[in-house]
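Asker: As a plain string of letters, each chain reads:
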Amino acid sequence: MRDMAQAEPRNHLEPKVLRMAPVLRGFFWAAVGFATGNLLTLAVDPFRGHPWVTEPSAVVGWVGALMGWLLGVGGYEEIILPLFGFPSTWVEPQDWRRYFGLSTNHKVIGIQYLFSSSAIFLIAGLDAMAIRYELMQPSMHFFTYSGQYLTAVGVHGSLMMFGVGTVAMISGLGNYFVPLMIGAKRTVFSRLSGLGHWLLPAGALTLIASPLLGYWDTGWRGYEPLAMQDPGGMVFYYLGIFAMTLSTIFTSLNLATTIIFYRARGMTWARIPLFVWGILTVSLLNLIWQPEIEMTFVMALLSKLVPWNFFDAIGSVETYLSMFWLFGHPEVYIIVLPALALWNEMIPVMAQKNLFARDWAVIGLIFVMMLSGLVWAHHMFTNMRNSEMFPFAFFTEMISIPTGFSFMAAIGTLWKAKLRLTTPSLLILMSLFNFMIGGLTGVYLADPPVNLQVHDTFFVVAHFHYTIIGGMIFTWIAAMYYWLPKLSGRMYNETWGKILAVWIFIGFNGTFGQMFLLGLQGMNRWVPAYPPYLKSMNYEVSLFAFFLGVGFIGHAIHIIWAWRKGPLSSENPWHARTLEWMTSSPPPEENFAAELEVVRGFYRYDHDNPSAYFVKDKSEST
Amino acid sequence: MALAEATVFAVIWAIVTAIAEIVFRRIKDHSMYYTISSQGHIALSAFNFLSSWLIPIFTFMAVMVIFALVRFRAPDNTPRPSPVQTLRNKWYILLWVGVSFALNIMFWLHPTAVDLETMFANWKQQQNQHPLIVNVTARQWEWIFSYPQYGITQAVNAQGLDELELPVGRPVEFFLRSKDPFHSYDIYADVIHSFWIPAFGIKEDVIPGETRTEFLVPDHVANYETSPLVRVQCAEVCGPGHPYMEAPLSIVTAKQFSQWIAHQKSLQAQGA
Amino acid sequence: MDNQEPSGVVEQLWGRRQIIWGGIGLGAIALISLFAKPDIVGLTRRLAGSPVSSGKINLYQFDYYFIPNYMTWRVGDRLEVTLQNQSHTHWHEWTIGRKLNLAFFQGFGSMNADAWAIDFWDGVDVTLSDPYKVDNFVPHEAHVTYVGPKAPYQIASGGDFSPTLQPGGSLKLTFTVPNKPGIWRFGCFVQEFIHYRDGMKGLIEILPA
Chain A
1 MRDMAQAEPR NHLEPKVLRM APVLRGFFWA AVGFATGNLL TLAVDPFRGH
51 PWVTEPSAVV GWVGALMGWL LGVGGYEEII LPLFGFPSTW VEPQDWRRYF
101 GLSTNHKVIG IQYLFSSSAI FLIAGLDAMA IRYELMQPSM HFFTYSGQYL
151 TAVGVHGSLM MFGVGTVAMI SGLGNYFVPL MIGAKRTVFS RLSGLGHWLL
201 PAGALTLIAS PLLGYWDTGW RGYEPLAMQD PGGMVFYYLG IFAMTLSTIF
251 TSLNLATTII FYRARGMTWA RIPLFVWGIL TVSLLNLIWQ PEIEMTFVMA
301 LLSKLVPWNF FDAIGSVETY LSMFWLFGHP EVYIIVLPAL ALWNEMIPVM
351 AQKNLFARDW AVIGLIFVMM LSGLVWAHHM FTNMRNSEMF PFAFFTEMIS
401 IPTGFSFMAA IGTLWKAKLR LTTPSLLILM SLFNFMIGGL TGVYLADPPV
451 NLQVHDTFFV VAHFHYTIIG GMIFTWIAAM YYWLPKLSGR MYNETWGKIL
501 AVWIFIGFNG TFGQMFLLGL QGMNRWVPAY PPYLKSMNYE VSLFAFFLGV
551 GFIGHAIHII WAWRKGPLSS ENPWHARTLE WMTSSPPPEE NFAAELEVVR
601 GFYRYDHDNP SAYFVKDKSE ST
Chain B
623 MALAEATVFA VIWAIVTAIA EIVFRRIKDH SMYYTISSQG HIALSAFNFL
673 SSWLIPIFTF MAVMVIFALV RFRAPDNTPR PSPVQTLRNK WYILLWVGVS
723 FALNIMFWLH PTAVDLETMF ANWKQQQNQH PLIVNVTARQ WEWIFSYPQY
773 GITQAVNAQG LDELELPVGR PVEFFLRSKD PFHSYDIYAD VIHSFWIPAF
823 GIKEDVIPGE TRTEFLVPDH VANYETSPLV RVQCAEVCGP GHPYMEAPLS
873 IVTAKQFSQW IAHQKSLQAQ GA
Chain C
895 MDNQEPSGVV EQLWGRRQII WGGIGLGAIA LISLFAKPDI VGLTRRLAGS
945 PVSSGKINLY QFDYYFIPNY MTWRVGDRLE VTLQNQSHTH WHEWTIGRKL
995 NLAFFQGFGS MNADAWAIDF WDGVDVTLSD PYKVDNFVPH EAHVTYVGPK
1045 APYQIASGGD FSPTLQPGGS LKLTFTVPNK PGIWRFGCFV QEFIHYRDGM
1095 KGLIEILPA
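These protein sequence lines are chains A, B and C, in that order. In this text, residue positions in the first sequence follow this note's numbering: the first is 1, and each later residue adds one. In this text, residue positions in the second sequence follow this note's numbering: the first is 623, and each later residue adds one. In this text, residue positions in the third sequence follow this note's numbering: the first is 895, and each later residue adds one.
With the rest of the complex left out, here is chain A (with noise of 0.2 Å):
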């Protein structure tokens, strides 16, 4: 390709080649960034302990870590050089390597996130299988000690949820299919994106890697003022959620500013597609939420480090539980609604059905998301004061309505369809009668009497597994299965699709359905040794957890068989209208050919001319 004869001048511009893949040369630069901030800090700290790695040096190591790994995958050529005004010199190989390194073209991006959330998946899942392990006895019998337990509860919780929950349907899905579907080129944002990534990989490594610096015991919520007196994993928690975090804003800001501004013509308010409705409220979500639960764990650390006594009897414990829940429920909605506005993004093209009430289908997703940020303190009713629980217990039980809204639309279009029953289909079926169980059981739990005594205990455990799992993780297999023919231009197998789909119901209504008679009959939560009476439940819930964790990777197997070696499939399978289906499979580096103007909604099937019904060339109408 490059002419090496003719010589150029020797500058900052000399040809240069990279014999290193930049994900590896990332973690070579990680752990020179790590090295030299923890020796600078070891240097110059004047009450050094015992270790080699301590508290304060590990988090300037971690600083200089990221910064390294960071720089490493791309960051210094493709965003650096540019930002000093020298040229970027960040090509991306036109071919496999460009997923193992920065990235610019969104899909490349979206693909890069399905793969780190599903391996992050992956290891949250071994370590629930260790933890349901450890539940088969009423005394520790595979952890040695129950800090280590507590460890694997929370990095399990933790990777669930900023690296899973947040980022498959949002950062995965989302950067892949959101362009597509509102007929943009590329993302506005584009660079921050690709550089966004890697920040996953980054802060799920960290959290693994927390119990080297000590067990923590806090689960996911990192409650004060346990985190100040715990072992230093805790320091990772922060740092790793910290990165996980800033990952899923640097998407959202993308996103957001994508869909306000990048919309093909003719791509109203009116018309843009449910699952693009699903991210922007999604986003909004995150832009306001998720810097104020970084700018809490930055507060706690620093509480940690100094110590501040922010959260302790000195100051106020309570003020951290808040400021936690004024982050986390709006956190179970990033999570949820997105699934919510995939199941009628989908059901409409498997029945080939108007989607029935599609404004009251958004009007519930902008309302979720407004009402969301009133009703954390029901995580609280056992610690606040009993004024609180009054206004609480009303918002919580109104979130409930816009919620139904999505049913409403779901269960209209369904009704006297000719629903295509395909994996996807049975998912998204799956997917509803889930998360009913999830929000209906949610009522009790809104009721503070019935919450003082369930709360903390594993009916609660069971009900926000059927909320995350049920609800979102089963639409986001759904999603995977609907969208294969646009990801690789291949099908899956529908006997296989179906009877893994089937796998995962049984495990799951078995592993959770069961938990929430645990919970009742007096499990709490976060304990490996328990009282013996509890024991041949648990031991059935660990039976169903393994028979569904061995069902989730048969789906991931399934899937990677036939993005690699499926049938061929058509360029537009399930005869779907929206945007992202106008264009080849896989989509070209630009997405579509020509000029898109979008003349109609996405959702109508009663015009009787599916060819011409919605796009027409630019070039053609001038």
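The hints are simulated quantities; they were obtained by calculation from the structure and are not laboratory data. Computed from a prediction, not measured in an experiment: that's the story for all the values here. Just so you know, not all the hints are guaranteed correct.
[Said to hold, decoys possible] A few chain C positions that, by computed beta-carbon distances, are all more than 10 Å from chain B: (1) 905; (2) 920; (3) 966; (4) 976; (5) 980; (6) 1040; (7) 1043; (8) 1078; (9) 1101.
[As the list claims (entries may be wrong)] Cut-off 16 Å, straight-line C-alpha distance, at most; resulting in silico cross-link-like pairs (EDC-like, lysine to aspartate or glutamate): (10) 418/A <-> 627/B; (11) 746/B <-> 795/B; (12) 185/A <-> 597/A; (13) 498/A <-> 698/B; (14) 887/B <-> 784/B; (15) 712/B <-> 359/A; (16) 418/A <-> 698/B; (17) 1027/C <-> 808/B; (18) 16/A <-> 905/C; (19) 416/A <-> 627/B; (20) 950/C <-> 1024/C.
[Said to hold, decoys possible] Per label pair, the in silico range of CB-to-CB distance: (21) 1045/C <-> 876/B: 43 to 51 Å; (22) 924/C <-> 590/A: 37 to 45 Å; (23) 44/A <-> 911/C: 39 to 47 Å; (24) 950/C <-> 319/A: 42 to 50 Å; (25) 728/B <-> 584/A: 50 to 58 Å; (26) 584/A <-> 626/B: 38 to 46 Å; (27) 712/B <-> 594/A: 37 to 45 Å.
Cβ atoms here follow ideal geometry from the backbone N, Cα and C, with glycine treated the same way.
Guided by the hints, dock chains B and C onto chain A, whose structure is given.
Answerer: Just chains B and C, lined up with the frame of chain A:
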């Protein structure tokens, strides 16, 4: 034809709901969980009330999913437009939105508002009935129970471990504090615990630097042998000792209680 | 494409093999550092043996472990152990003995509890010095010499020989290893025995003279 589908659905739904309600009532008669306090009965009856109202909603969704799988499925996967194309149905929307508002407001008024009012009123009443005062001190990882009205600073059982004993039928006021009385140089260095007696149907977090109160009346003689839900259990993660932060609890007759108090007094005299 | 390429671009020359081996290597490092550290330490100790401590020993207390958690002493050696509590929040004690006491817990049955059935320090001559932030000190059956005023040692009674240090505290113990060869365990039982149960323990192998 237009109504036929809806009628079939409604009939199935009604039948399934009726069966589910009957089954639930059978379960309810054996109690969802063991409860032996004034407070616990409020929570359990709210739980049962909510269950009987939520069952129809759950069966609606469950029947709808199965109904859709059976009645609304396409014969094959060939894409063809559904014969029925609806954009809106004003009665359905009106009914849905109306019912969801009505139900949620009802749940908020009953059981939530009614029960909270009852609960707080009970607490006030019990506070004025010269309740038995128990100071509960949570520290990592131990519950310490003291009875200031009887001059008992730390009640212990035969093994020397902390225990809680309460007379049946007498109002109790718990004062909950998180601190470590044995470490005078940093008394409040402790963390959040949660004071939970599963059989009493309530838990209250114990927060460093604050004092919380909890009122209730135990109404059955019971202990761990009666039901393992009769135990004191920390419910909020408080460090590696959290699972072991458990203590025995006995609810005894007034006579047994006064004997126990005398025994504790003599133990304390020996110790001092 | 060719003519648009800016000069000085990074040309990437790396292949599949590098990614695979790099990934396997990094994964192995992660797994070993997360899960295999005790095994590696144990293996090294089996192969290389454990050096006999002599003279000054630093024993650090953390939440909830000791560094070192394995020591080899020899009968008759004169040792000076500087005990330092490195925790910012928790007090820690140091006891040495054999045979754990057990207690009965309602929900969990018999579990290890507060102390040793045999206290290593019974009848041992030991000199304490340089007390700093001592929580309490129980001499039990040991013959203790205190350097300096006694007040900072916070002498108490009950339980085994156990110096307990406040966060950041330290204390020096000087003694001649008594003629009690064999395997001895040490641990910290404070806060309802949880420190011990969560791994705050270690082993001393005492070699005959």
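Asker: So, for every hint listed, does it hold in this structure?
Answerer: Outcome of the hint check:
1. Separation of residue 905/C from chain B is adequate, the least Cβ-Cβ distance of about 47 Å exceeding the 10 Å criterion.
2. Consistency note on residue 920/C: stated as away from chain B, and its beta-carbon is indeed over 10 Å from all of that chain's, at 30 Å minimum.
3. No beta-carbon of chain B comes within 10 Å of the beta-carbon of residue 966/C; the shortest separation is about 29 Å.
4. Distance check for residue 976/C against chain B: the nearest CB is about 22 Å away, which clears 10 Å, and the non-interface claim stands.
5. Every Cβ of chain B is farther than 10 Å from the Cβ of residue 980/C; the closest lies at roughly 16 Å, confirming the non-interface assignment.
6. Non-interface call for residue 1040/C relative to chain B: holds, since the shortest CB-CB distance, roughly 21 Å, exceeds 10 Å.
7. With a minimum CB-CB distance of about 19 Å to chain B, residue 1043/C clears the 10 Å threshold, and the non-interface call stands.
8. For residue 1078/C, the condition that its CB be more than 10 Å from all CB atoms of chain B holds, with the nearest at approximately 24 Å.
9. At the 10 Å boundary, the C-beta of residue 1101/C stays outside the reach of chain B, the nearest C-beta of that chain being 34 Å off.
10. Among the hinted pairs, residue 418/A with residue 627/B is consistent with the structure: their alpha-carbon atoms are about 14 Å apart, no more than 16 Å.
11. For a cut-off of 16 Å, the pair hint linking residue 746/B to residue 795/B stands: about 11 Å separates their Cα positions.
12. This hinted pair checks out: residue 185/A and residue 597/A have alpha carbons roughly 13 Å apart, not beyond 16 Å.
13. The hinted pair formed by residue 498/A and residue 698/B meets the criterion: a straight-line CA distance of about 14 Å does not exceed 16 Å.
14. The hinted pair formed by residue 887/B and residue 784/B meets the criterion: a straight-line CA distance of about 14 Å does not exceed 16 Å.
15. Taking the CA atoms of residue 712/B and residue 359/A, the gap is about 13 Å. The hint holds against a cut of 16 Å.
16. Between residue 418/A and residue 698/B the alpha-carbon distance is near 10 Å, which keeps this suggested pair within the 16 Å criterion.
17. Restraint check for residue 1027/C and residue 808/B: the C-alpha separation of about 12 Å stays at or below 16 Å, so the hint holds.
18. Annotation: proposed proximity of residue 16/A to residue 905/C holds, straight-line Cα distance about 6 Å (limit 16 Å).
19. Annotation: proposed proximity of residue 416/A to residue 627/B holds, straight-line Cα distance about 8 Å (limit 16 Å).
20. In summary, the hint linking residue 950/C to residue 1024/C is supported, as the alpha carbons are separated by about 14 Å, within the 16 Å threshold.
21. In this structure the hint that residue 1045/C and residue 876/B lie 43 to 51 Å apart at CB holds, the actual value being about 48 Å.
22. Taking 37 to 45 Å as the suggested C-beta distance range, the pair residue 924/C and residue 590/A conforms, at roughly 39 Å.
23. Checking the proposed 39 to 47 Å range against residue 44/A and residue 911/C shows it holds: the Cβ atoms sit about 42 Å from each other.
24. The beta-carbon spacing between residue 950/C and residue 319/A, approximately 46 Å, falls within the hinted interval of 42 to 50 Å.
25. At roughly 54 Å, the beta-carbon separation of residue 728/B and residue 584/A lies within the given 50 to 58 Å, and the hint holds.
26. Remark: the range hint 38 to 46 Å for residue 584/A to residue 626/B is upheld by a beta-carbon distance near 45 Å.
27. The hint said 37 to 45 Å for the Cβ distance between residue 712/B and residue 594/A, and at roughly 40 Å that hint holds.
Consistency with the previously given hints is maintained throughout, with no hint failing.
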